[in-house]
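**Student:** Start from the sequences and build out the full structure, keeping to the hints where you can.
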Amino acid sequence: MDSTYQKGKKGKKKNLSESKKDRVSAYLYIAPFFIIFGVIGLYPALFSFYLAFQKWNGLGEMSFVGLNNFKIVLEDPLFWKSLYNTIVIGLIGTAPQIVIGIILAILLNVAFLRFRSFFRVTIFMPYITSMVAVALIFSVIFSDHQSSLANYVLGLFGADPVSWGTSEWGTKIAISIMVFWRWVGYNTIIYLAGIQSIPNDVYEAATIDGASKFQQVIHITLPLLKPFILLTVFFSTVGALQLFSEPTVFLGASAFTRDEAMTVVMYLYRDAFKLQSFGTASATAIILLVVIIIFAAINTYLTSGIGKKRRRG
Amino acid sequence: MNKAAKKRKPSMGKVFVYLFLTLASALSLFPFYWMFVMATQTSSAYNSIPPTITPGNLLVENFQKVLLQIDFFGALWTSFLLCTIVTLVVLFISSLAGFAFAKFHFPAKNFLFITILLTMIIPPQLGLIPQYFLIAKAGLLDTLSGVMILFFLNPLGIFLMRQYVSDSVPDELIEAAKLDGCSNFKIYRSIVLPIILPAFATLGIIVFTAVWGEFLWQFTILRDPENYTIQVALASLSNTFNVDFGMILSGVFWATVPLIIIFLLFNRLFISSIAEGSVK
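Residue numbers (numbering that gives the first Met the number 0), protein chains in the order written: chain A, 0 to 312; chain B, 0 to 279.
Hints in this document: simulated from the structure, not taken from any laboratory. There could be a bad hint or two in this list.
[Stated by the list, open to error] Covered by chain A, per the in silico footprint, the following chain B stretches (three or more residues, Cβ under 8 Å): (1) 208 to 221; (2) 254 to 268.
[As the list claims (entries may be wrong)] Cross-link-like lysine to aspartate or glutamate pairs, in silico, EDC-like; alpha carbons within 16 Å at most: (3) B:Lys177 to A:Asp21; (4) B:Lys177 to A:Glu17; (5) A:Lys80 to A:Glu167.
We put the CB at the ideal spot given by N, CA and C, even for glycine.
**Tutor:** Rendered as structure tokens:
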């Protein structure tokens with residue numbers, strides 16, 4: 000795999016053969032990625048597009064059905080329900096993260112703070128817990144029982160108990176809360192890295208000009224943090240639309256039979272591996288890709304718009 | 000007057016800062032504590048009102064019930080093996096490719112590099128079904144090899160390694176080694192590798208954590224309980240209608256504790272790695 004350099008050769012000839020050998024080495028060194036990507040990344044992705052136009056149960060012959068799979072999926076109320084669920088959970092689960100994450104990051108960066116690393120570690124800790132573990136812990140906190148912790152807390156405020164595992168809004172709120180809980184610390188750390196990259200003299204200059212701390216946050220921190228906010232908005236949007244593990248584990252045995260919290264990826268998974276309808280599942284994968292691209296573009300665009308207005312104003 | 004106002008303001012602000020952060024920390028920690036409480040209580044403790052919030056004495060008993068349900072240590076070992084192999088392979092592939100992108104000139108270099116970055120935005124579920132059949136056709140369904148091959152793809156790793164190699168390995172060092180007659184692979188092995196070891200820690204943590212927690216692919220490929228990773232095994236605990244919360248959270252507790260200990264020991268490295276991996 001490595002080329003041996005021969006000392007005897009001199010001048011231009013040496014350089015030529017050397018750069019040729021370098022080229023061979025370089026291609027060899029990047030080859031593993033491209034080979035693996037071709038086999039298990041690109042080929043399956045492209046094959047999904049082919050499969051989306053076939054009717055196939057995974058065993059027999061495939062038959063070309065044109066756009067029929069897309070028609071079946073787009074006419075299925077359950078698909079629209081799953082898309083609606085995904086968007087609702089995504090919105091409640093991730094949008095507050097951005098606001099709270101920024102606040103936490105700003106607070107974690109204030110000069111007088113003691114126990115800084117304690118706060119940082121505890122706020123980040125949920126992220127290292129696996130999604131499955133989080134879903135199981137929250138399935139106990141948010142169980143249907145009258146005596147579940149969530150229902151007890153609701154009771155303290157005089158509210159009626161909620162069927163967290165089976166009701167339309169109960170499931171969505173419980174899942175959104177666990178998504179929020181696991182990811183807010185992660186976003187905080189990203190914002191904190193962003194805030195720390197802002198040079199101190201910008202703030203010093205603003206303080207001399209008489210800007211209050213709050214004004215500094217609005218006019219310095221937020222605009223300079225914008226690339227980091229864009230990044231997290233992008234990742235949160237893409238991640239939220241691919242939600243699978245949390246609802247699947249949270250709902251346990253009823254994950255693929257009830258529709259209150261079925262997400263698009265769960266719908267896809269159910270079509271493929273529970274109903275052996277691989278053509279429609281592939282069509283769903285492609286529809287989801289389009290949805291992801293649209294939402295990521297819209298959200299990123301909206302976020303960058305907010306920053307611009309703020310800077311002008 | 001201005002001075003007095005300034006003096007009062009920070010103390011108000013301080014109270015708010017500490018209050019907010021303490022609340023956030025408490026809410027972050029509480030589910031962990033609750034997990035421990037439930038893992039040590041009887042199932043009936045769960046039905047008491049108000050809820051039990053102090054630990055019981057069934058730490059071991061509940062775990063014994065877990066062991067009756069799943070092959071806990073087997074699954075833990077499977078996950079450990081999976082993550083270790085994937086991490087080592089990804090480190091090797093990424094550093095080699097990162098070295099090539101950082102220090103060599105070759106046709107289509109930028110195009111290939113951008114292609115690698117673009118592969119990052121392919122959503123994992125797009126190819127899920129063909130990937131499943133590919134693994135099935137190769138006879139790797141329900142095997143660890145079938146699971147790990149997908150994780151070998153790590154465009155982020157190549158990106159991080161390219162950055163690190165071009166920032167920290169001086170060109171002169173490579174030139175000198177070439178004049179001494181070192182082969183390119185020897186340069187990688189004896190010059191580049193030792194310099195980029197710190198970056199291995201960063202990338203290693205990112206990869207290990209991601210593979211450890213991944214669920215969809217492992218859940219799709221592994222069907223036989225004998226081959227379960229810890230995530231799939233834990234998920235199977237709640238997959239019945241007759242649930243024993245103490246038992247379930249005991250499983251989660253014992254699977255999470257090692258992770259928390261490792262995290263607390265290396266928290267600085269963990270946090271900076273994760274931040275670096277996403278910010279760069």
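**Student:** A separate judgement is required for each hint: does it hold in the structure or not?
**Tutor:** Here is how each hint holds up against the structure:
1. For a cut-off of 8 Å, the count of residues in the stretch 208 to 221 of chain B with a CB near a CB of chain A stands at 7, and the three-residue condition holds.
2. By the rule of at least three residues with a Cβ nearer than 8 Å to a Cβ of chain A, the coverage given for the stretch 254 to 268 of chain B holds, with 8 such residues.
3. Distance check on the hinted pair: Lys177 (chain B) and Asp21 (chain A) sit about 11 Å apart at the alpha-carbon level, within 16 Å; holds.
4. Distance hint between Lys177 (chain B) and Glu17 (chain A) is fulfilled; the C-alpha atoms sit about 10 Å from each other, no more than 16 Å.
5. For the given pair, Lys80 (chain A) sits about 11 Å from Glu167 (chain A) by alpha-carbon distance, which is consistent with the 16 Å threshold.
In this structure, every one of the numbered hints holds.
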